[in-house]
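Peer 1: These are the residues of each chain, in order.
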Amino acid sequence: MQEGWMMEREEVSGVTDASDTTDGVRQKCVERALELLQDGLVTSVLGWRRGELPYDRTPAFFTDGEDLRANFLYDGFCGANLSKYLVKALAGGKEGRVLVFLKPCDTYSLNQLLTEHRIPREKVFAAAVPCHGTVDMDKAKALGTSGVTSVEDRGKTLRFWTLYDECPMEIQKKDALLERCLVCRRRRPVIFDEKIGPWDEEALLAEEKEAGERFATVAVLEQKTAEERFAFWREELSRCIRCNACRNVCPACTCEQCVFDNPASGVSAKASADRFEEQLYHIIRAFHVAGRCTDCGECSRVCPEKIPLHLLNRKLIKEMNELYGAYQAGAEVGSISPLTAYTMDDPEPSVVRERGKA
Amino acid sequence: MMKYLKEERLSDFLRLASTLRKVYVPVIDAGQRTSSYRLYESGLCEDSLAFSELLHTTRSAKDFFFPQTENLVEFRMSGKEITVLDPRRETEDFAIFGVRACDAKSFAILDSVYLADPVDTYYQNRRAHGLILTMMCTKPEETCFCGTFGIDPTEPGGDIAFYPIAQTPSNHPDGYALAAQTEKGAAFLAEVERLSGEACLGEAGLLEERDETPLEKAKEKTRETLKKLPLADVKPVGGGEGNLLSLFHSEKWASLSESCIGCGTCTFVCPTCQCYDIRDFDTGHGVRRFRCWDSCMYSDFTKMAHGNPRLTQLERFRQRFMHKLVYHPANHDGTYGCVGCGRCLSSCPVGMNIVKVMKALAAEVPSDAPNG
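Protein sequences, first through last, are from chains F and G. 358 is the number that the working numbering gives the last residue of the first sequence; the numbers go up by one with no jumps. 730 is the number that the working numbering gives the last residue of the second sequence; the numbers go up by one with no jumps.
FYI, nobody ran anything at the bench for these hints, they're computed from the structure. A portion of the hints provided could be inaccurate.
[As the list claims (entries may be wrong)] As a list, the in silico BS3-like pairs of lysine-lysine whose alpha-carbon atoms are at most 30 Å apart:
| hint | chain 1 | residue 1 | chain 2 | residue 2 |
| --- | --- | --- | --- | --- |
| 1 | F | Lys88 | G | Lys714 |
| 2 | G | Lys497 | F | Lys173 |
| 3 | F | Lys94 | F | Lys173 |
| 4 | G | Lys586 | F | Lys88 |
Quick caveat, the model's predicted, so the values are computed rather than measured.
Chain F extracted, bound-state conformation (with noise of 0.2 Å):
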C-alpha cells in the first residue's frame, strides 16, 4: 500500500513544471550532499527524511549514500527549522563537520546562533536553500483535505488525493501557508557556504513584495484595549497543554536548564496549577529571547493548540523597533541587540508606556 502511493507521488511529481520544482532541488542538494561526503569535507548531512505520509518530514542526519539518495527530501512541507540541531549534536561531540540545508528564514537562526556562541562555525557546513513558503497541513485539512493519500506541489496551487474522491482537491497554496510564510520577507539568505538553486532572484523580490505586513496583526491587537487584549490572550492561553515544544524548538531557547525544568524554582512548570503561572510562562519566555527572537515563528507552527505565539514576540520586535530603530536578529553575526547595547541617546521609556499618546 505505502509504496504504491510513495511511487504514484513520484510519478506525480515528474509531472510538475520542471524548471523550478522541489524535486529539482532536492536532486541537486543530494547530489552536492554526496559529492561532499565523499570528498570527506562533511561527515554527516542534516536534512529532512521522508515520512510515513505524504507530507511528514522528520529532520535527520545522514551519513549514508543510498539512506540519502531513497529518503532525503526537499519540498514545501520541510517547515523544520533544523538550526538548532547543530547546538546539540555539536556540543554532544558529533565527529566532523556537519552538511546543514537551511532555507533563507533558517539562516538567520544560525547567524543568531553563532552570534551567541552556541556553535563553532568551522564545524558547519550552510547550504542555502530555495524557499517558497512551507505548507501549514492544518489549514490543509480545514480546508476539507482529509484521508490524503498523495499531495502535489504545483508552485500556486497543492493538489490533495484523497481516499474520499476520486478527483484531486485542489487548493490554492497561499491559503494553506505557515503564517509566517504568508509575511515573508527574507527569502534569500544571510548566511551560507554554498547556495543549491535555482534561484530566481527576481521572481523572489516579487514574492517578497507580495507578502503581507508582518506587524499588521500586532498593530491590530494594539488598537484593543486591555481587557480586551488580556481578554483575547487569556483565551488563545487557555489552551495551553504546558507541552513546551514551543520552547523545545525555539532556536533562541538553548539554555541548557531552563528555569522551567528545575524542580528546585519553585513554579509550577508542569502543568497549568495556576493560571496566573500558565500565562507567565509565555511572557517570560517572550521576554527571555526579545532581541535574540529572529522571528522564525517555529514557535507558533508547532504549537499543537495553535496559539499564535509569535504575536508575542513581534510585539517585542515592533516596541524595540519603534523604540531603537529597526533591528533584525540574526540578520548578520555578531550584531549587537538593541536590548543589550547601550547608549547615552537611548529613549527611556517607562516601565508603562503609555499608546497612542505620544
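Once you have looked at the hints, place chain G on chain F.
Peer 2: Coordinates of chain G only, in the frame set by chain F:
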C-alpha cells in the same frame, strides 16, 4: 430491528439528554484549527454536523477521567495548627458524546492501571459517573491506525453506540442507528425516550424502529475505507516480555530519537499516557498538593533523590515507546498501550511517531514472533 435517530433530531436528543446530566460534545474551536469537548447547551452548535463528523478533538477524552491537574489534598496552616482538607467530592453524572472507538478503548487501558489495586479513587469517582456515547467512524484520517491494535471502529463500544447512516453517497449522515452497549446505557436511552414522550416532540417518537440493513451497509462502507488507509498494514511490534531485551538494546533508538526535541506534545495529546507527577503548590497559608500530567520526554521525569534515571533524550524517548509496546502489554495480558488514534502523528513538531518507531523496530524482532 434497530433504534434510529434522524439527523435533524440529534439536537433534540442532546437537549433531552442534557436535562438528565451534563453532556459534553466535541466542537471545532473558534479558530477552526483545534477542537475540544464543550458542555452542550442549546445554541452551542446548531449545526450538529460539526460535532457528529469531527473525528478527533485536539486533546483526547481522557481529560474527563484523568484531568491535566487535580488537587489531591490541601494543608492549611494557622499558627501551629494544620488542617487537612480533602478536596474530593462525589462527581456529578456526565456524558461524553461522539467518542471514537480508539478513545473508548483508551478508557479500558486507563482502567487497567487506575482501577487495579490500589484503586485510584480520584479516577474511579469520575469514571463511575461518566456515560460514554460513542460514534462509529465514517471518515477515518490517513493518520488512523487503530486496526494495528485490533480496534474495530465499526463497533465503538462505550455505553451507547451511535452509527451514522447515510442514504446518499455523501458522507453527511441522514441519521444514526443507536445501540445500548451496557445496562447503564440502556437505562439512559430509555430515560431519554420517556422524556421525549412526555415532551410530545414531533409526530413520531424521538427514536424510530427501523430495519437493520442500512446499518450493516454503513459498517461495511467504513470497513472498506479502513482497508484503504495508508497505515492499514502497520503491524504492532513488542507485545510483552519476549522481545524486551532485544528491543531495549536496539541500535535504532539512537537515530529514531535524534529528531526528538523532548517536548511533551505526544504525551499530552495521547489518550493512554497515564503518568503523573505530584507537586506542592505554596498557597501562602499552607500547601495545595496536586498531581499533574508528566511526560517521560521531560528531563525531570521520575527524578529522585539520587538523580534522574534517564539522562539522555535517547533513554527518555525509548521509555515512552517501550512502555506502550512492551511494558504495558507485559503487565496487562498483551494489551498495547496505544490505540492508534493518530493524534501524535498529526501533532508531533518534527513528525516522529510510534508508527515510525514500530516500522524501524520490526527488523529487531524475530520474524516468527507474532508481530515480526
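Peer 1: Checking against the hints above, which ones are violated?
Peer 2: 3 and 4
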